[in-house]
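Here the protein sequences come in this chain order: A and B.
Under our numbering, think of the first position of the first sequence as 1, with each following residue one higher.
Under our numbering, think of the first position of the second sequence as 1, with each following residue one higher.
I should point out that these hints are in silico values taken from the structure, not numbers from a laboratory.
We put the beta carbon where it would ideally sit given N, CA and C, even for glycine.
One or more of the hints may lead you astray.
Said to hold, decoys possible - In silico lysine-lysine, DSS-like type, Cα no more than 25 angstroms apart, as pairs:
#: 1; chain 1: A; residue 1: Lys257; chain 2: B; residue 2: Lys44
#: 2; chain 1: A; residue 1: Lys189; chain 2: B; residue 2: Lys44
#: 3; chain 1: B; residue 1: Lys57; chain 2: A; residue 2: Lys191
Stated by the list, open to error - A short list of chain A residues far from chain B (calculated; beta carbon distances all over 10 angstroms):
#: 4; residue: Ala75
#: 5; residue: Gln135
#: 6; residue: Asn192
#: 7; residue: Thr237
#: 8; residue: Lys238
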Amino acid sequence: MIRNILFKKQIIIQKIRQFFREQEVLEVQTPILQNTSTSDVYIDSISLTINADIGIQSTQYLHTSPELEMKKLLAQGSGDIYQICQVFRNNEYGEQNFNEFTLLEYYRLGFDIHQLMADMVNLLRMLGIQDKVYQLSYAQVFSQYANIDILNTDIVSLKIIASKLGLSTDFIWIEDLQMLLFVHLVEPKLKNLPLCFIYDYPKSQSTLAKVRNKVAKRFELYLNGVEVANGYDELQTKDEYQQVFICENNKRKQFSKLISQIDVSFLSKLSKPLPQCTGVAIGINRLLTQINEIKI
Amino acid sequence: MDKYSINQFKNGLKLMLDSNPCSILNNEIVKPGKGQVFNRVKFKDLITGKTLIKTFKSGEFLEGADVMELDLQYLYNDGNTWNFMDLHSFEQYSIDGAIVSGVKGYLVEQDICIVTLWNNNPISITPPNHVILEVFDTDPGLKGDTVGTSGKPATMNTGVVLQVPLFVSIGDKVKVDTRINEYVGRA
Chain A
1 MIRNILFKKQ IIIQKIRQFF REQEVLEVQT PILQNTSTSD VYIDSISLTI NADIGIQSTQ
61 YLHTSPELEM KKLLAQGSGD IYQICQVFRN NEYGEQNFNE FTLLEYYRLG FDIHQLMADM
121 VNLLRMLGIQ DKVYQLSYAQ VFSQYANIDI LNTDIVSLKI IASKLGLSTD FIWIEDLQML
181 LFVHLVEPKL KNLPLCFIYD YPKSQSTLAK VRNKVAKRFE LYLNGVEVAN GYDELQTKDE
241 YQQVFICENN KRKQFSKLIS QIDVSFLSKL SKPLPQCTGV AIGINRLLTQ INEIKI
Chain B
1 MDKYSINQFK NGLKLMLDSN PCSILNNEIV KPGKGQVFNR VKFKDLITGK TLIKTFKSGE
61 FLEGADVMEL DLQYLYNDGN TWNFMDLHSF EQYSIDGAIV SGVKGYLVEQ DICIVTLWNN
121 NPISITPPNH VILEVFDTDP GLKGDTVGTS GKPATMNTGV VLQVPLFVSI GDKVKVDTRI
181 NEYVGRA
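Work out the full structure: start from the sequences and follow the hints.
As structure tokens, then:
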């Protein structure tokens, strides 16, 4: 039985590698040990103390995603790249969340999010997922499933909606309320759309994605109602990244969370902006579970 | 009453939700891609029996519900009230017809039922998973035809109607699964 599961996993990984080989996307490996923790408000790094016995003790962090290291390569002219690696996140627990999991992260130069979604469909087809593809904007799913005009509703009105549903309204930022209502009203409905991309998020949820026409150029992939991938039209300049890091750190401060050092080694690589590119992180374990209907 | 934080939620915990006592069926952690952790909690409303799904943010609190479950023996029905007894304390409970109505058809004298009390008042009754009922009325039996048919309706002595195989006839005693209202076998 275990051999059977391992075999299936191997086949899927081989197909992924074959897919990228055919498209001339290079496989890379980047450092897992980092000098700085993540600045993402709702992701926590796992810290380690290293080199204590040889008198040069320091704190390092396991990467929560290979994103910044891969962007360093993109900034230096690597071209299209992908990576399959283990990532580590603290305070994650549940049926779908683990402290360690396998991520496939890849970047395509010159693509916009719609080209990247089409590329992902090709990958999913190659892995045997043949379901009809649904593509809906964040505003569409909210209007369809919750009758809320999510892009034009302010935090006060969202609090009224949440309170009518008997949900918590104790939020400082609008994005948290948007996510609460998404998780409560929309996500359970996505089980009916086996292969569904949701794109164009509210700009308050832009994180490291570009904002165009008042929406963040991001998408998420849901397979049978389970979020499997998260893609961005990536920010390009040093100033944009610096601004996001500072902003996220300010939010962490309000939650009394560990404040991350600004990753200067990353910013220093951006003296020349990143090329126009889109990138996506895919949870491999969740993907395998959806393909094989078995727990890996 | 005690307050419970989302982090203490576990299946079976009884809590107050929308001023009704509820029991937790399932507590699932959901984490949006770049968002904070929420808990999607499935409850059973102990008064209406309906299933509810609510989403909570980590760190929220809910008030516990003063709910108790007792194993009581069903004694008899006198018009509008159904009478039960605690076999240890011999205390008797008279329960209103409205609370019994959903399970009336499964109440057999001497059977032990689970009676749920909220603030010491009965709010629901769970009959045993299997009860023995007597067939009060059904079409005459057909011999031999036991496979490939969906059976026929039969009315039990308690008033409940369910599908039984064709060979079952009036006066037979049958075993019934009360959770799905299905014939299990001859008793």
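Now for the hints, and whether the structure bears them out:
no.	hint	in the structure
1	A:Lys257 <-> B:Lys44	violated, 36 angstroms
2	A:Lys189 <-> B:Lys44	holds, 20 angstroms
3	B:Lys57 <-> A:Lys191	holds, 22 angstroms
4	Ala75	holds, 22 angstroms
5	Gln135	holds, 17 angstroms
6	Asn192	holds, 16 angstroms
7	Thr237	holds, 21 angstroms
8	Lys238	holds, 21 angstroms
Going through the hint list in order, the structure does not satisfy hint 1, though it satisfies all others.
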